Amino acid sequence: TQLLEQSPQFLSIQEGENLTVYCNSSSVFSSLQWYRQEPGEGPVLLVTVVTGGEVKKLKRLTFQFGDARKDSSLHITAAQPGDTGLYLCAWEGYNKLIFGAGTRLAVHP
Amino acid sequence: DAGVTQSPTHLIKTRGQQVTLRCSPKSGHDTVSWYQQALGQGPQFIFQYYEEEERQRGNFPDRFSGHQFPNYSSELNVNALLLGDSALYLCASSYTGANVLTFGAGSRLTVL
Chain A
1 TQLLEQSPQF LSIQEGENLT VYCNSSSVFS SLQWYRQEPG EGPVLLVTVV TGGEVKKLKR
61 LTFQFGDARK DSSLHITAAQ PGDTGLYLCA WEGYNKLIFG AGTRLAVHP
Chain B
1 DAGVTQSPTH LIKTRGQQVT LRCSPKSGHD TVSWYQQALG QGPQFIFQYY EEEERQRGNF
61 PDRFSGHQFP NYSSELNVNA LLLGDSALYL CASSYTGANV LTFGAGSRLT VL
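From first to last, the protein sequence lines stand for chains A and B.
Numbering of the first sequence is given in this note's numbering, commencing with residue 1 and proceeding in unit increments.
Numbering of the second sequence is given in this note's numbering, commencing with residue 1 and proceeding in unit increments.
I should point out that these hints are in silico values taken from the structure, not numbers from a laboratory.
Just so you know, not all the hints are guaranteed correct.
Unchecked claim - Which bits of chain B does chain A cover? Going by a derived footprint, with three or more residues having C-beta under 8 Å, they are:
hint : region
1    : 28–42
2    : 55–65
3    : 102–108
Values in this document were obtained by computation on a predicted structure and should not be read as measured data.
Positions of the beta carbon are idealized from the N, C-alpha and C atoms, including for glycine.
Kindly generate the complete structure, drawing on both the sequences and the hints.
Given below as structure tokens:
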């Protein structure tokens, strides 16, 4: 059982559609991080959420941390082909990152 | 300002062989961590080096070993390669005490 469960595993959509991906756990976290990993690259940090109920926006990306700090979501508005990649949530604990398995997003023109 | 540099980018080995992967951290960073990312999975923590010492280790066998040099660069060594060691190996650097990691593009290892 993974500490961080991400859903869906795969998502294939057309340009312009909206989507939401989820990161869930039975554990409570002090903070969660979201990364995007493009093919042939390492993960790149998008955002860190630290407060229960917190909402952070990064252009067309909206990140939310659950009130109980057990889950988080990422919503993308009007997806573009450049959003294609693997979206990973991660918990930073004890000097290491623990990642979920990720959601692989493909946005088609 | 160069980010994290890893070499080689791709390599193919056969079972039982040994491999060494190399990482140069981002300028100003003193801590290096290594992660293994199997196909379709998220990265898994292997170990972290700081001040040339292994500070923390994940759930990986002793076949996986590492080293950090005085210039903060690092190596990951894997002995007696198994088919299951085929993966993307990611190096990440940070400044000690900071929880923001910068990842390299990885070294893709294929074991035949």
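Results of checking the hints against the structure:
1. 28–42: Satisfied; 5 residues make the cut.
2. 55–65: Satisfied; 3 residues make the cut.
3. 102–108: Check passed, 4 qualifying residues.
Hint check: no violations occur; every hint is consistent with the structure.
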